[in-house]
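A.B. asks: Whole structure, please, built from the sequences with the hints as guidance.
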Amino acid sequence: MKSNSVAVVLGVLGVIFVIVAVLYAVGGVLPTFTASPVEGFHLKHTILFAVLALASFVGANMTRIKTV
Amino acid sequence: MGLLQGASELFPVSSLGHAVIVPSLLHWTFKQTEPSFVPFLVLLHLGTATALLILYRDQWVAIIRGFFTAAISGQMRTDSERLAMLLLTGTIPAAVLGVFLENRIKALFASPYEAAGFLIVNGVLIFGFEALRRRRERGSSREEQEAGFAQAERISFRAAAIVGACQALAFLPGISRSGVTIGGGLIAGLRHQEAARFSFLLATPVILGAGIVEVPQLFASGVPLGEYAAGAVLSGVAAYASARFLLRYFRSGRLDPYGWYCIAAWLISLALLHFCL
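Chains as they are written, first to last, in our numbering: chain A, 1 to 68; chain B, 1 to 277.
What you were told as hints is all true, and nothing was included just to trick you.
To spell it out: a stretch of chain B is covered by chain A in this simulated footprint if at least three of its residues, at any positions, have a beta carbon under 8 angstroms from a beta carbon of chain A; those stretches are:
| id | segment |
| --- | --- |
| 1 | 69 to 78 |
| 2 | 95 to 103 |
Counterexamples of contact, computed for chain A against chain B with all Cβ distances above 10 angstroms:
| id | residue |
| --- | --- |
| 3 | V6 |
| 4 | V9 |
| 5 | L13 |
Simulated DEER-style distance windows between Cβ atoms:
| id | chain 1 | residue 1 | chain 2 | residue 2 | range |
| --- | --- | --- | --- | --- | --- |
| 6 | A | M1 | B | V61 | 25 to 35 angstroms |
| 7 | B | R154 | A | L43 | 33 to 43 angstroms |
| 8 | A | L43 | B | A241 | 29 to 39 angstroms |
| 9 | B | L225 | A | S3 | 46 to 56 angstroms |
| 10 | A | S3 | B | L267 | 47 to 57 angstroms |
| 11 | B | R254 | A | G27 | 47 to 57 angstroms |
Simulated from the structure, these hints should not be mistaken for lab results. Treat the numbers as computed from the prediction; the structure is a model and nothing was measured. Think of the CB as a built atom: it goes at the ideal place given N, C-alpha and C, for glycine as much as any other residue.
C.D. replies: Structure (structure tokens):
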């Protein structure tokens, strides 16, 4: 499926995921969403959102219409 | 424990279920509620993942190369590039569900009785997958069936995501990761051997990821690392032998015997747990 709109949405999602990953890495900012009541650096969530960001950017690059 | 985990991880019979039930039956001293239990299991899983990496080393080199090529170029030109993207698609649902739900689910269903109960669910799921496959193949000749089988690289991205999401069921002790992913692969149109290959490839990044995240806890909890590492090595050896056996078995074998095994294991476990504990 090639669509620039989908690519833009995926790109924006990627940026959001990067921000969330950084927030989890900094720690104490998003305790509500974590399984652990302990505030601080959340390795699992940081890695997860970094992977989601990577996947979103890859998806955006895949779906964008290439101009030759 | 390492041999048990390595052997049962790749067979469609639930390694987690066996890891919960067998120690209780044999009165092994460690408890599932101990903080080091999950990291220990993860270390054993790392042994399994290493075995899978060794088994598919050439394919993983091609997959990793294919991932970077496809990610940068924005196109999937080769089978390896497509397989890399399918594995990424299949891994994401399991990773998301794993991070947010795994510990809560495992805490809810940590008793051997519940694990034994989910073994029968696993057996029923296996029979269900085989029944769906047979229904799809009914009425077609052997040649038509052979022509209809897809390679793992050719399945749809939606199918890869569904098979990947099925992995989350394996957080329930008693439900087998390889059972649900091989079954999902069958429904997606793969033959047994190819479904097993896709299942093993799909399991590797999830198991490795979980290991990387959990292993540091081992060093913090003051556990006997030498024994745990020996367990991981044994787990890897058993997993390698199991994978080789299963790939050979699935050339002509079916999932049904493992469904019967799960039902028998459920009955035996229940009887032993009831009368011996």
